[in-house]
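Undergrad: Produce the entire structure from the sequences given, and follow the hints as far as they go.
Listed below, chain by chain, are the residues.
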Amino acid sequence: MTITPTGSAPWLHVNSFEHYGGDLNKRNYQSQGAVNAQTDVTAQQFSRLTADLAAVQRVAPFAVINYTNNDLTPAAPTINVVRLQTGVTSASYAGDSPPAGFPSAARNGDGDVTFTFASSYTDDYGVTGALVINGAEAGANGPATGVIATANALTDTTVQVVTITDTGAAAQEQTVTVEVHT
Amino acid sequence: MSFGAFSGGLPQRLGGSKEEGWTATQHARVCADLLAAVRTLPYATLVADGTTITSYRAMPGLAAASQPTITLFSPGIWTVEFDDGPQDEYEITGPVKIVASRGSGIDSGVIVNTSVLANLSHTVYVALRDNAGAVPVSEKFKLKVWT
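Residue numbers (my numbering), protein chains in the order written: chain A, 1 to 182; chain B, 1001 to 1147.
Calculated from the structure, these hints are not laboratory results. Take the hints with a grain of salt, since some may be wrong.
Partial chain B-side listing against chain A, Cβ under 10 Å, derived [stated by the list, open to error]: (1) Leu-1034; (2) Val-1038; (3) Val-1047; (4) Asp-1049; (5) Ile-1053; (6) Gly-1061; (7) Ala-1064; (8) Thr-1071; (9) Arg-1102; (10) Ile-1106; (11) Thr-1114; (12) Asn-1119; (13) Tyr-1125; (14) Asn-1131; (15) Trp-1146.
The beta carbon of each residue, even a glycine, is placed where N, CA and C say it ideally should be.
TA: Quick look at the structure:
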């Protein structure tokens, strides 16, 4: 029988330490502590585990993407690496031909792309959660220096990333890393 | 007999009260959320002033001995070389292959760009420029890398 975990998909950031098994009144059975540190986990240790995981779940980004703009011969950007909370890529892909479960990317102009994510995603246990992007950050990875990359969450599911030079002109053919938060 | 009577050592039997137990559904949520976070959290973040690391956070740990080495490559460009085979708390070794990086300046007007050295994927270039394209006076930068 397939199990349904407690709580919600992690990118909703609503899971508490209690969803992980924590409880303010957690205690060792019959108030006995660890007899053997190599085989026993105490209530205190377990409580720390649940509290720290809740903390991590609150701030973990939903996605990290590394891509390269195709401007000299205009085309959708090449997506080099994607790390989503729901999975990671094993190979690069063209932005207009994403594998299932990964975002697409469209070229708007030189150094200007828009990423489109799905409206919802499913965690490893099949629990679905809506995607609501509330912020993104970007950094340019060359080949030029002095390039400014900015990321803007346009909607709950789209992020625009623009690269410009220090003179304000569009920066072509740059590789960029963007971090997306929900 | 309650599940608690079987507790007291690994392997863990799931079940029991909220005060003394750990249910299967709670365990499942732990597994799912931990894996989700591991996929997207950075391998390391650091703040540096030239070759001096002023703040460092990384998955293998924070000890000074495990921190990367920062070297001046050319004016305004630094290389940040991470340990190629760090160990976790259980001495499990894994290679460091950086696939994404992001830098940012600390002082006003400083633009920071980063790139992974192609043939040494545990080393990152960090280039600092001001808004006129020149090497800035400030040598401070922040770096975040993912594997």
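Undergrad: Next step is simple, just say for each hint if it's right about the structure.
TA: Verification of the supplied hints:
1. Below 10 Å, beta-carbon pairs count as interface contacts, and Leu-1034 of chain B has one with chain A at about 6 Å; its hint therefore holds.
2. Of the supplied interface hints, the one on Val-1038 of chain B holds, with its beta-carbon coming within about 9 Å of a beta-carbon of chain A, less than 10 Å.
3. Because the smallest distance between the Cβ of Val-1047 of chain B and any Cβ of chain A comes to about 15 Å, over 10 Å, the interface hint for this residue is violated.
4. At about 19 Å, the closest approach between the beta carbon of Asp-1049 of chain B and any beta carbon in chain A exceeds 10 Å, and the interface hint on this residue is violated.
5. The closest approach between the C-beta of Ile-1053 of chain B and any C-beta of chain A is roughly 19 Å, which is over the 10 Å cut-off, so the hint fails.
6. Here the hint on Gly-1061 of chain B is broken, as its CB sits about 15 Å from the closest CB of chain A, past 10 Å.
7. Below 10 Å, beta-carbon pairs count as interface contacts, and Ala-1064 of chain B has none with chain A, the closest being about 23 Å; its hint is therefore violated.
8. Restraint check, Thr-1071 of chain B versus chain A: the minimum CB separation of about 17 Å is more than 10 Å; hint violated.
9. Evaluation of the Arg-1102 of chain B hint against chain A yields a held restraint, the C-beta minimum of about 3 Å falling below 10 Å.
10. Using the Cβ-Cβ criterion of 10 Å, the hint placing Ile-1106 of chain B at the interface with chain A is not satisfied: the shortest such distance is roughly 14 Å.
11. Using the Cβ-Cβ criterion of 10 Å, the hint placing Thr-1114 of chain B at the interface with chain A is satisfied: the shortest such distance is roughly 6 Å.
12. For Asn-1119 of chain B, the interface hint is violated, the least distance from its beta-carbon to any beta-carbon of chain A being 15 Å, above 10 Å.
13. The closest approach between the C-beta of Tyr-1125 of chain B and any C-beta of chain A is roughly 8 Å, which is under the 10 Å cut-off, so the hint is satisfied.
14. Using the Cβ-Cβ criterion of 10 Å, the hint placing Asn-1131 of chain B at the interface with chain A is satisfied: the shortest such distance is roughly 5 Å.
15. Nearest Cβ of chain A to the Cβ of Trp-1146 of chain B: about 5 Å, under the 10 Å cut. The hint holds.
Of the hints listed earlier, those the structure fails to meet are numbers 3, 4, 5, 6, 7, 8, 10 and 12, in rising order.
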